[in-house]
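Student: Sequence:
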Amino acid sequence: MDGYLVPLLLLAIAVVAMLAGRYVAKSLRMPESGWKASLLVAVIGIAAMILYYGWPPKQGIDLKGGVILIYEIDKALTQQNAAEKADGDTSGDLTVDMPGLIQGLSRRINPGGLQEIVVRPNGPHQVEIIIPDVVSKEVDRIKELITTGGFLKFQLVANRRDHSHIWSLADEPEQVGQYEVRDASGQVVGQWAKLSLNERAKEGESPYRVDPFDSKSRVVRGRKEVLMVVDPNLSLQGSDLRTVRKGYQDLSPAVFFDMEVAGAAKMGALTEANLPDVTANHYSLLGIVMDGELISAPRINSTITSSGVIEGQFSDEEVDMLVNVLRAGRLPAVLKQEPVSQSEISPLLGNDTIREGKIAIAVSIVVVMVFMVIYYMYAGVVSCLALILNLGLILALMIFVGAAFSLPGMAALVLTVGMAVDASVLIYERIREEQTNGAAVRMAIRNGFDRATRTIVDANLTTLITAIVLYAIGTEQLKAFAVALILGILMTMFSAIFFSRFIFDVSEKVTRMKKVNMMNWFAQTDWDLFKKRHVCIGFSALLILISLIAVGVRNRRIFDIDFLGGTSVQMLLKEPMSIADVRTRVERLREDGIAQDVSVTQIKSEQRNERIYRIDTSLPNMSVSDATQEQIGSAIERVQQAIMDEFRSPNGELMLQTHRLNYTPPKSLTGASSSATSATTGATDTSDLPTVDAEINAGDATTNDAAAEPAADATPARTDG
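Quick note: the sequence shown uses this note's numbering, first residue 22, plus one each step.
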């Protein structure tokens, strides 16, 4: 949509809304309802505009597919950052806080939890990110967020007058080419920082965002670097920031920040010690370094304490990215700049499942609406209009906030339909009672809505609290359900109470209706359930007991692959095979008890069409915390052997050209990966597959088989197993 069109449309909607309110207030002689008409017209107009220009809504990975990115941890940079954080060298093996890395990435790329982006470990040193229904530009933006470590530092740019000793040390033969500059005692006193590239620079302009004057520089692999001062006593990092926000400095986008108390004290000491010498026209530069790149170097003109600005010829998108990164915090590990693999996948659910789900939802809505019209007559028509408005507003809001629309979200819509109809039934039955007691139609409508409103609000409020809790602690799928449910609850109260009341008031005024007609199939409603409370309590207790026993009997089988972990087998077939045939074969793993859940992903390739597949399985009968390496190894061996057995021709020839197996440990119920258990699979007959070498190290089973990698242009499609 063109930028100038939005304000024009909003202005037109505002004018129409005011005219509608004026008409209702004067022509219909309903002054108390004029503002209601204006509000309804404005809400419906804005929602219609969003639906028209934003349709179709963004869909989740289960309905539309998306992109799978697999990144590997950059061990060298992670070790280097760990050493800088500890103000010295670190020794020993690299240990990565994988749960912290997963949480940090999730906060960056999906801060509101609305986009249903899945971030999960893929072995001990890789991360898998599943992004639903996005364009290539959005994927590039997410890639930049993923690969930015978020290690922010404030350092002085080493100048000739104040830091000549560091310049001299940097020129010593043994320090040439080193990242750090050390003094005679081995203390780090300087570091080299790359100049950040300005991708928007025009021809003839400097390719860098900032190129400090009076600085010592060098060129490494065609990239200019400048020398920065390291002072452990005045070390300022991103963790010293309290708040970060986007703003504008001299009409250009910039990052504004406020410091924590301790950080403000260090910033004050650093800047006060480097105030300008005006007589000598000497100024110090405060470098702002992000992940080893100098992105800004403002001149220190006065003492800075509590707040500051980061500016450096940034675009709006770059400032948004910086703000997201700084708000999410520094990652415990740095990922390599390029993903190990990138694949586009089709919906995780099979086409039949999606079609059946949509049909079930549509049929349920139509049946409910038909019943309301038959039973409540005109009032049922009003409730149907309110329901249509309700669904339209929910979809508009989901488009507006960028929420992904998934199958759990569709289930929340069905639940919303039920709550909306329930609200209408409460109101109409109250109106029926008022009319039975002899109230006039206007009084019956007013009392019916007033008395039912409190019950409706109370009932929806308890559900709203539950939905908020689900959003706060749930997984991506639960958040998708919770977002749709929260919006559904709010829009239900708006449409059922506000919209329906307005329609009834206008109808009564215009048509002079004498009665709200409706059918009465349940004339006898004075059932004394309290007398039978003991029977009801006993029945409820029995149902609860049966439910608890069922959960105990099923035990861990109630969880899917997300909680149970398991194996991921990527295979290349010798000859093409349809995904339906593959799905039929791997389904036997579940039937035979070898795997608890199975899903199949087809990775399409022009050169290898219908030959590359990924099979994900969860391992049965394995405790999250008590699994031994023998159990893990034995379970993985059974999965591998079963897959090889299933993919044999009638004459016994193996259909697999090669395959690769990865093992991911299960999650605890808090969402963090459980500790990996080292194991080694037993001997497996792989004579037909000499390239396969299934090996488990620290919870990860992977082969050293380069041939198993799919083609770079692979485009996967996934369906239920």
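Hints in this document: simulated from the structure, not taken from any laboratory. Everything numeric in this text was worked out from a predicted model, so none of it was measured. Check the hints yourself; a few may be wrong.
[Claimed, not checked] List time: in silico DSS-like cross-link candidates among lysine-lysine, alpha-carbon distance up to 30 angstroms: (1) LYS57 to LYS96; (2) LYS357 to LYS215; (3) LYS85 to LYS57; (4) LYS379 to LYS245; (5) LYS96 to LYS85; (6) LYS96 to LYS47; (7) LYS379 to LYS267; (8) LYS595 to LYS85; (9) LYS57 to LYS536; (10) LYS357 to LYS158; (11) LYS553 to LYS595; (12) LYS215 to LYS96; (13) LYS379 to LYS357; (14) LYS267 to LYS215; (15) LYS535 to LYS595; (16) LYS223 to LYS158; (17) LYS47 to LYS595; (18) LYS79 to LYS379; (19) LYS79 to LYS245; (20) LYS223 to LYS96; (21) LYS158 to LYS287; (22) LYS536 to LYS47; (23) LYS85 to LYS379; (24) LYS357 to LYS47; (25) LYS223 to LYS245; (26) LYS379 to LYS57; (27) LYS158 to LYS267; (28) LYS357 to LYS96; (29) LYS530 to LYS79; (30) LYS223 to LYS357; (31) LYS357 to LYS85; (32) LYS357 to LYS57; (33) LYS287 to LYS223; (34) LYS245 to LYS96.
[Stated by the list, open to error] Here are the simulated distance ranges between beta carbons: (35) GLU281 to SER189: 34 to 44 angstroms; (36) VAL330 to HIS303: 20 to 30 angstroms; (37) ASN541 to ASP443: 43 to 53 angstroms; (38) SER599 to GLU281: 51 to 61 angstroms; (39) LEU32 to VAL361: 43 to 53 angstroms; (40) GLU612 to GLU281: 31 to 41 angstroms.
Each residue gets a CB set at the ideal place from its N, CA and C atoms; glycine is no exception.
Student: With reference to the structure, classify each hint as holding or not holding.
Tutor: Hint check results:
no., hint, in the structure
1, LYS57 to LYS96, "violated (61 angstroms)"
2, LYS357 to LYS215, "holds (17 angstroms)"
3, LYS85 to LYS57, "violated (39 angstroms)"
4, LYS379 to LYS245, "violated (57 angstroms)"
5, LYS96 to LYS85, "violated (35 angstroms)"
6, LYS96 to LYS47, "violated (73 angstroms)"
7, LYS379 to LYS267, "violated (41 angstroms)"
8, LYS595 to LYS85, "holds (29 angstroms)"
9, LYS57 to LYS536, "holds (24 angstroms)"
10, LYS357 to LYS158, "holds (20 angstroms)"
11, LYS553 to LYS595, "violated (69 angstroms)"
12, LYS215 to LYS96, "holds (20 angstroms)"
13, LYS379 to LYS357, "violated (40 angstroms)"
14, LYS267 to LYS215, "holds (24 angstroms)"
15, LYS535 to LYS595, "violated (77 angstroms)"
16, LYS223 to LYS158, "holds (21 angstroms)"
17, LYS47 to LYS595, "violated (78 angstroms)"
18, LYS79 to LYS379, "holds (16 angstroms)"
19, LYS79 to LYS245, "violated (42 angstroms)"
20, LYS223 to LYS96, "violated (35 angstroms)"
21, LYS158 to LYS287, "violated (40 angstroms)"
22, LYS536 to LYS47, "holds (25 angstroms)"
23, LYS85 to LYS379, "holds (13 angstroms)"
24, LYS357 to LYS47, "violated (67 angstroms)"
25, LYS223 to LYS245, "holds (18 angstroms)"
26, LYS379 to LYS57, "violated (35 angstroms)"
27, LYS158 to LYS267, "holds (21 angstroms)"
28, LYS357 to LYS96, "holds (9 angstroms)"
29, LYS530 to LYS79, "violated (42 angstroms)"
30, LYS223 to LYS357, "holds (28 angstroms)"
31, LYS357 to LYS85, "holds (28 angstroms)"
32, LYS357 to LYS57, "violated (56 angstroms)"
33, LYS287 to LYS223, "violated (38 angstroms)"
34, LYS245 to LYS96, "holds (24 angstroms)"
35, GLU281 to SER189: 34 to 44 angstroms, "holds (36 angstroms)"
36, VAL330 to HIS303: 20 to 30 angstroms, "holds (23 angstroms)"
37, ASN541 to ASP443: 43 to 53 angstroms, "violated (18 angstroms)"
38, SER599 to GLU281: 51 to 61 angstroms, "holds (59 angstroms)"
39, LEU32 to VAL361: 43 to 53 angstroms, "holds (51 angstroms)"
40, GLU612 to GLU281: 31 to 41 angstroms, "violated (58 angstroms)"
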